[in-house]
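Keeping their order, the protein sequence lines are chains A and B.
Take this note's numbering: the final residue in the first sequence is number 479, and no numbers are missing along the way.
Take this note's numbering: the final residue in the second sequence is number 690, and no numbers are missing along the way.
Just so you know, these hints were derived from the structure itself, not from any lab.
Just so you know, not all the hints are guaranteed correct.
List time: in silico BS3-like cross-link candidates among lysine-lysine, alpha-carbon distance up to 30 Å [unchecked claim]: (1) B:Lys-548 <-> A:Lys-473; (2) A:Lys-473 <-> B:Lys-667; (3) A:Lys-368 <-> A:Lys-269; (4) A:Lys-356 <-> A:Lys-437; (5) A:Lys-271 <-> A:Lys-158; (6) A:Lys-412 <-> A:Lys-352; (7) A:Lys-195 <-> A:Lys-269; (8) A:Lys-473 <-> B:Lys-576; (9) B:Lys-685 <-> A:Lys-473; (10) A:Lys-473 <-> A:Lys-450; (11) B:Lys-683 <-> B:Lys-621; (12) A:Lys-450 <-> B:Lys-589; (13) B:Lys-548 <-> B:Lys-685; (14) A:Lys-352 <-> A:Lys-288; (15) B:Lys-589 <-> A:Lys-473; (16) A:Lys-408 <-> A:Lys-429; (17) A:Lys-435 <-> A:Lys-450; (18) A:Lys-429 <-> B:Lys-583; (19) A:Lys-298 <-> A:Lys-429; (20) A:Lys-416 <-> B:Lys-621; (21) A:Lys-450 <-> B:Lys-621; (22) A:Lys-437 <-> A:Lys-450; (23) A:Lys-224 <-> A:Lys-214; (24) A:Lys-308 <-> A:Lys-269; (25) A:Lys-170 <-> A:Lys-224; (26) A:Lys-158 <-> A:Lys-195; (27) B:Lys-621 <-> A:Lys-408; (28) A:Lys-368 <-> A:Lys-329; (29) A:Lys-214 <-> A:Lys-352; (30) B:Lys-621 <-> A:Lys-435; (31) A:Lys-368 <-> A:Lys-352; (32) A:Lys-298 <-> A:Lys-412; (33) A:Lys-368 <-> B:Lys-621; (34) A:Lys-412 <-> B:Lys-621; (35) A:Lys-288 <-> A:Lys-368; (36) B:Lys-621 <-> B:Lys-685; (37) B:Lys-621 <-> A:Lys-437; (38) A:Lys-298 <-> A:Lys-224; (39) A:Lys-473 <-> B:Lys-683.
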Amino acid sequence: MRKFAFAALLVFLGGAFLPGFARDASASIALEKCTLCHGKPEFRKLLVDGQIRDLFVTGDTLAGSVHAKKVCADCHFDVSEIPHREHPKRVTCTHCHFKGNHEGAPQSDNVLAYFDSIHGQAIARGNTKAPLCQDCHGSHRILKAKDPGSKVARVNVAETCGKCHMEIYAQFKTSIHGVALAKGVAEVPSCTGCHGEHRIYSRKDPKSSVYATHVSEKCSSCHSSVKIMGKFGIETEQVATYKESFHGVANQFGSRTVANCSSCHGVHDIRPPDDPLSMVNPKNVPKTCGKCHPGANPNFAVGKIHVDAKNKESGIIYWTAAFFKWLTIGTMLALVAHIFLDMYGRTKRLRGER
Amino acid sequence: MSRADLAAGKVIRMSLLFRIQHLILTVLLTLLAITGFALMYHENSLARWIIEFEGGVHNRGIVHRVAAVLLMANLVYHVFYMLLSREGKPELRQLFIVRQDIDDFLQSLRYNLGMSKEYPRFGKYGYKEKFQYWGASIGILLISFTGIMLWAEEFSMRFFPKFILDLALIIHGYQGLLGFVLLYLWHIYNVHLHPSSFPMNPSWITGKVSVEWLREEHPLEYEKLKEEGLL
Numbered sequence: 126m127r128k129f130a131f132a133a134l135l136v137f138l139g140g141a142f143l144p145g146f147a148r149d150a151s152a153s154i155a156l157e158k159c160t161l162c163h164g165k166p167e168f169r170k171l172l173v174d175g176q177i178r179d180l181f182v183t184g185d186t187l188a189g190s191v192h193a194k195k196v197c198a199d200c201h202f203d204v205s206e207i208p209h210r211e212h213p214k215r216v217t218c219t220h221c222h223f224k225g226n227h228e229g230a231p232q233s234d235n236v237l238a239y240f241d242s243i244h245g246q247a248i249a250r251g252n253t254k255a256p257l258c259q260d261c262h263g264s265h266r267i268l269k270a271k272d273p274g275s276k277v278a279r280v281n282v283a284e285t286c287g288k289c290h291m292e293i294y295a296q297f298k299t300s301i302h303g304v305a306l307a308k309g310v311a312e313v314p315s316c317t318g319c320h321g322e323h324r325i326y327s328r329k330d331p332k333s334s335v336y337a338t339h340v341s342e343k344c345s346s347c348h349s350s351v352k353i354m355g356k357f358g359i360e361t362e363q364v365a366t367y368k369e370s371f372h373g374v375a376n377q378f379g380s381r382t383v384a385n386c387s388s389c390h391g392v393h394d395i396r397p398p399d400d401p402l403s404m405v406n407p408k409n410v411p412k413t414c415g416k417c418h419p420g421a422n423p424n425f426a427v428g429k430i431h432v433d434a435k436n437k438e439s440g441i442i443y444w445t446a447a448f449f450k451w452l453t454i455g456t457m458l459a460l461v462a463h464i465f466l467d468m469y470g471r472t473k474r475l476r477g478e479r
Numbered sequence: 460m461s462r463a464d465l466a467a468g469k470v471i472r473m474s475l476l477f478r479i480q481h482l483i484l485t486v487l488l489t490l491l492a493i494t495g496f497a498l499m500y501h502e503n504s505l506a507r508w509i510i511e512f513e514g515g516v517h518n519r520g521i522v523h524r525v526a527a528v529l530l531m532a533n534l535v536y537h538v539f540y541m542l543l544s545r546e547g548k549p550e551l552r553q554l555f556i557v558r559q560d561i562d563d564f565l566q567s568l569r570y571n572l573g574m575s576k577e578y579p580r581f582g583k584y585g586y587k588e589k590f591q592y593w594g595a596s597i598g599i600l601l602i603s604f605t606g607i608m609l610w611a612e613e614f615s616m617r618f619f620p621k622f623i624l625d626l627a628l629i630i631h632g633y634q635g636l637l638g639f640v641l642l643y644l645w646h647i648y649n650v651h652l653h654p655s656s657f658p659m660n661p662s663w664i665t666g667k668v669s670v671e672w673l674r675e676e677h678p679l680e681y682e683k684l685k686e687e688g689l690l
């Protein structure tokens, strides 16, 4: 009886290689085979560095994930022998996830974007610590990014990035963006909000969304929106006033050394100005400005930094600008009037002579 | 006045040194206006083109500052020349604003409006020339203060709070605009495009004007030269 069952199994397995034929049957069998060992809760491995690697997998492991209909061998296709003679390789997601695939995997170029990114480039250079798809998206419990339970969901992605970028994660968690994220504010950016998702580049790479000349554009994508900022009582004129300032103009014309938003407000540690730890707290302004302007003193904190000469709230600056505007207009009118009077008088004089 | 000049009916109005100073002033002010307004109106596409042409904002700043230093040097030289030289001293005396200038201005207004038949009779420099001269000189002096303040921003901020520098920036820009308007509207019209000299008064190149022009536009100077036997 057992012999017969084995023969039947072989027939079914053979069928598995013919596309579209008896697929479900073969799948369940493959899963059963794996769970013979992996289904035991104590099935784990002690690694050389002392860490324990849990190898426990059951039929429910993929349930609920985007790969619920897949089976072990769909991804671990290099496993052909039990027990495995060779250490199974890390899963290659690009086996299915490429544009034009026939597997029904999402049709996107994200994988190409990833390979161009700093993470993908590090992998290409042979850095084994650099993240592959599964390091961010998870391995068996992969959910859609929109799903709040996903490791790459906006609310979770900082923690996911923080697995490697620990110090930055610690800074971010106490920053205004990090605190708001923890409170569940829907508009606040997490790591990917500024750095991008698959297209993450070094900040020194001109392709990066946080490159010196792109930072202000990135911040202003939210901070110039009255709709978003209005909810939190934050002014939006900062974007326009920066663009009008010496810093902003130089930045728009490609200067990489001139101050951008993050030079003064911080990067991952952005805090509101009334926070004593904020780089733009009046007490810290001399130090912040002093990074570029040696010898900066408390004078740097006297008066508004983001000044709008067209806004009445700017006080004396608004009134001086208005005074000069009308002085110039008045002078121009007076001069033009004088010119026309002179021409009129002169024609009269010439006529008289004639 | 040389014999050849007199035979051709010409009188010298600007000596070579003044012509050189005038030319330097023209070139530098134009350069300063181009580089300055490109920054002031940096959102304008022409301004963007100018900044790119000058090699970016950094180089634009260098051009602007070099021109400014030369302009200040030109002004300092001019002040010393007017105060100390044999040619400058009498010129300066003729440039002082006196009661007569105000009367002349009012008289010309009355005349142009048809309230009087007498057109004022000017000396070598009428109220229009004096207004331009002092306007340009004092203007350059004032704009230099705000300019230096903004140039040496780290130094100025040792003494002044930030809003004073914001103010300096506003004043510098608008004063530049005002000066530009005065020069390119008023001066160009009064000196060059004016019907008496159209299309231009050649004295800024040749230094000479015609005797008829002098008699017509600056009769007192004409009579003075005649009395001195120079004509």
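Each hint, compared with the structure:
no.: 1; hint: B:Lys-548 <-> A:Lys-473; in the structure: 38 Å, violated
no.: 2; hint: A:Lys-473 <-> B:Lys-667; in the structure: 28 Å, holds
no.: 3; hint: A:Lys-368 <-> A:Lys-269; in the structure: 38 Å, violated
no.: 4; hint: A:Lys-356 <-> A:Lys-437; in the structure: 24 Å, holds
no.: 5; hint: A:Lys-271 <-> A:Lys-158; in the structure: 34 Å, violated
no.: 6; hint: A:Lys-412 <-> A:Lys-352; in the structure: 33 Å, violated
no.: 7; hint: A:Lys-195 <-> A:Lys-269; in the structure: 16 Å, holds
no.: 8; hint: A:Lys-473 <-> B:Lys-576; in the structure: 10 Å, holds
no.: 9; hint: B:Lys-685 <-> A:Lys-473; in the structure: 28 Å, holds
no.: 10; hint: A:Lys-473 <-> A:Lys-450; in the structure: 35 Å, violated
no.: 11; hint: B:Lys-683 <-> B:Lys-621; in the structure: 55 Å, violated
no.: 12; hint: A:Lys-450 <-> B:Lys-589; in the structure: 25 Å, holds
no.: 13; hint: B:Lys-548 <-> B:Lys-685; in the structure: 22 Å, holds
no.: 14; hint: A:Lys-352 <-> A:Lys-288; in the structure: 34 Å, violated
no.: 15; hint: B:Lys-589 <-> A:Lys-473; in the structure: 25 Å, holds
no.: 16; hint: A:Lys-408 <-> A:Lys-429; in the structure: 14 Å, holds
no.: 17; hint: A:Lys-435 <-> A:Lys-450; in the structure: 11 Å, holds
no.: 18; hint: A:Lys-429 <-> B:Lys-583; in the structure: 51 Å, violated
no.: 19; hint: A:Lys-298 <-> A:Lys-429; in the structure: 29 Å, holds
no.: 20; hint: A:Lys-416 <-> B:Lys-621; in the structure: 17 Å, holds
no.: 21; hint: A:Lys-450 <-> B:Lys-621; in the structure: 22 Å, holds
no.: 22; hint: A:Lys-437 <-> A:Lys-450; in the structure: 14 Å, holds
no.: 23; hint: A:Lys-224 <-> A:Lys-214; in the structure: 23 Å, holds
no.: 24; hint: A:Lys-308 <-> A:Lys-269; in the structure: 22 Å, holds
no.: 25; hint: A:Lys-170 <-> A:Lys-224; in the structure: 36 Å, violated
no.: 26; hint: A:Lys-158 <-> A:Lys-195; in the structure: 15 Å, holds
no.: 27; hint: B:Lys-621 <-> A:Lys-408; in the structure: 15 Å, holds
no.: 28; hint: A:Lys-368 <-> A:Lys-329; in the structure: 22 Å, holds
no.: 29; hint: A:Lys-214 <-> A:Lys-352; in the structure: 49 Å, violated
no.: 30; hint: B:Lys-621 <-> A:Lys-435; in the structure: 18 Å, holds
no.: 31; hint: A:Lys-368 <-> A:Lys-352; in the structure: 20 Å, holds
no.: 32; hint: A:Lys-298 <-> A:Lys-412; in the structure: 23 Å, holds
no.: 33; hint: A:Lys-368 <-> B:Lys-621; in the structure: 18 Å, holds
no.: 34; hint: A:Lys-412 <-> B:Lys-621; in the structure: 15 Å, holds
no.: 35; hint: A:Lys-288 <-> A:Lys-368; in the structure: 36 Å, violated
no.: 36; hint: B:Lys-621 <-> B:Lys-685; in the structure: 59 Å, violated
no.: 37; hint: B:Lys-621 <-> A:Lys-437; in the structure: 18 Å, holds
no.: 38; hint: A:Lys-298 <-> A:Lys-224; in the structure: 36 Å, violated
no.: 39; hint: A:Lys-473 <-> B:Lys-683; in the structure: 27 Å, holds
Of the numbered hints stated above, those contradicted by the structure are hints 1, 3, 5, 6, 10, 11, 14, 18, 25, 29, 35, 36, 38, listed in ascending order.
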